[in-house]
Amino acid sequence: MKSSMEGWGSGLVGVIIFSGSLPATRIAVSDFSPLFLTSARAVIAALLGAVLLFALRQPKPSRDTLLSLTIVALGVVVGFPLLTAVALQYITSAHSIVFIGLLPLATAIFGVLRGGERPKPLFWLFSGIGSATVVGFALNSGAEISLVGDLLMVAAVIVCGLGYAEGAKLSRSLGGWQVISWALILSLPPMAVIALVSLPQTWAGIDGSAWAGLAYVSVFSMLIGFVFWYRGLALGGIAAVGQLQLLQPFFGLLLAAFLLHEKVSPLMVVTTLAIVLCVAGARKFAR
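For the sequence shown, the numbering used here begins at 1 and goes up steadily by one.
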């Protein structure tokens, strides 16, 4: 029970940190290209992760973990950041955030396929209702729909769910912050090349808010958030703790309203209450 509660607490901290990712990305892509933003955040986080691994004298991962680390890298280091950065050129951060409501379902599915978890049937009912609630909110939010942006967000959710589940499974033996650190280091060579190739033609005129957005997604979204998130998934269960992501749209929309002055409808309050009930139900039947 203690381990489960620690997992949920750690997972909630991770969700709160991740909630700032899309608003920060939206701010950053106003002055940086999606390709540079994706590669630069990975390079910065990889260097920080390398310092941590070296300072704490962590052993190198074994060869049999390389495939899992590669999946993590492709899912959460490259795939999700790049797809969302491109999507945010077509849609607002408030609209994109609601797609995160599909992440718990995607994470749970991959938790079964890759993590060997077997939630009870009622878990899928609550998870499905929660996801449907978020999608329904998106369709009724009045936001302008972009087919390209929406499809990119769906693709981002799929690769991210796989990366979350794979990383959580590996965290049980390797450790949460070690997993993301090694995945970042694995991605460092190609990301460094891409960052150099996609450097802005001029640094003049880049707003301070864009630099702040880059700093947030590099340090918090790409590294610190995963320290808490993978620990939470490993301790509390991939499918169960993954349902906390249903709350991410709520936190993210608040940030979008506060930072970007994007409109948030009163319907968000009702939707959030329904989501909280779904999270509680899913937690009860996750194992």
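Since the hints were derived computationally from the structure, they do not count as laboratory data.
Think of the CB as a built atom: it goes at the ideal place given N, C-alpha and C, for glycine as much as any other residue.
Errors might be hidden in some of the hints.
Restraint ranges, calculated between C-beta atoms of paired labels, are given here [said to hold, decoys possible]:
(1) L125 - D207: 44 to 50 Å
(2) G9 - S62: 40 to 46 Å
(3) A50 - A212: 38 to 44 Å
(4) L56 - A257: 35 to 41 Å
(5) V197 - V51: 20 to 26 Å
(6) P190 - H261: 35 to 41 Å
- Query: Against the structure shown, which of the earlier numbered hints fail to hold, in ascending order?
  - Reply: 2, 3
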